[in-house]
Amino acid sequence: MKSSISKMLSEVSEDRKLNKFPEPYKIEITPYKKMDFCENTYKFCKTENNLSNLFNICKIIVVGDVSVGKTCIINRFSQKLFDTNYKSTIGVDFEVEKFEILNLTYNMQIWDTAGQERFKCIAQSYYRGAHGILIVFDLTDMNTLNNCKTWLREAVDACTTTTPFIFLVGTKKDLIKKYAYKNLEQTVSKIAKSINAEYWAVSSKTGQNISDLFFRVAALTFDNTIEKEMTKPDICKEIGNDIISFKKNKKKEQQLTKCSGIKCHKF
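The sequence shown lines up with residues 29 to 295 when you count with this note's numbering.
Careful, some of the hints might be misleading.
[Said to hold, decoys possible] Result set (PhoX-like, lysine-lysine): computed pairs, CA atoms no more than 20 Å apart in a straight line:
hint, residue 1, residue 2
1, Lys54, Lys210
2, Lys256, Lys108
3, Lys71, Lys45
4, Lys233, Lys201
5, Lys205, Lys54
6, Lys126, Lys45
7, Lys201, Lys71
[Stated by the list, open to error] Okay, the calculated beta carbon distance ranges per label pair:
hint, residue 1, residue 2, range
8, Thr168, Gly235, 24 to 30 Å
9, Lys206, Lys108, 22 to 28 Å
10, Glu255, Ser217, 23 to 29 Å
11, Lys177, Thr75, 39 to 45 Å
12, Asn171, Lys210, 16 to 22 Å
13, Cys66, Ser95, 19 to 25 Å
It is worth saying that the hints were derived from the structure and are not from the lab. Note that the coordinates shown come from a computational prediction; the quantities given were computed from them, not determined experimentally. Yeah, the Cβ is synthetic: ideal placement off N, Cα and C, and Gly gets one too.
Sequences are here, hints too, so could you generate the full structure?
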């Protein structure tokens, strides 16, 4: 917990700065065809807006069966390490990664959830308000892929206040031979399209595609948040489950110009 908080207060490292929109793993296996930041995002980031900190955080949840490598992909990205001797996540855990996107600070909360059935009730209470869902499966175990639809349904049902981006993430790519992976990808592609998810194949051991995946998640959520808020009449901030509104109340302003409703007396 302390390390996560300190990251939010620390400076952004050079390898966390984004000025170019990241590409998907494969353009044909994603419902998100956007290849650049929207016009409103560029306009917003170019102006020195004092309210820019209202859009600086997103919540990502990582779900999937036990031992598929959820914690490993988070540790590889956050701490740049790979450790096979780790304990299963109990309930939930989280990391905070700090980015700089188009010169604005952006914090990503990455929630690591337990895959065991007995912890589901605890984990599901943290799904709400997610801006992105990473459904993780093991490329060497097709049963974990078959369970992805169930994980997605449970996560989406809890996200009643947001419309999260969906990512289907296959781990342990380093353990799959090229010819075997080619056939497997056809099956995975069909499932990704059926659940309207963007597909990624990664390896926590080698680090293959790990950073690219999280950069893509950060860019999509950052761009979407600003685009949505800039088209609204009021300015809002959403952090997890809390929404703070900064909409101006014109009626109250008018009342203040009229002695705030207090009857004036002549002396």
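Of the hints given before, which are not true for this structure?
Per hint list: 2, 7, 8 and 13 violated.
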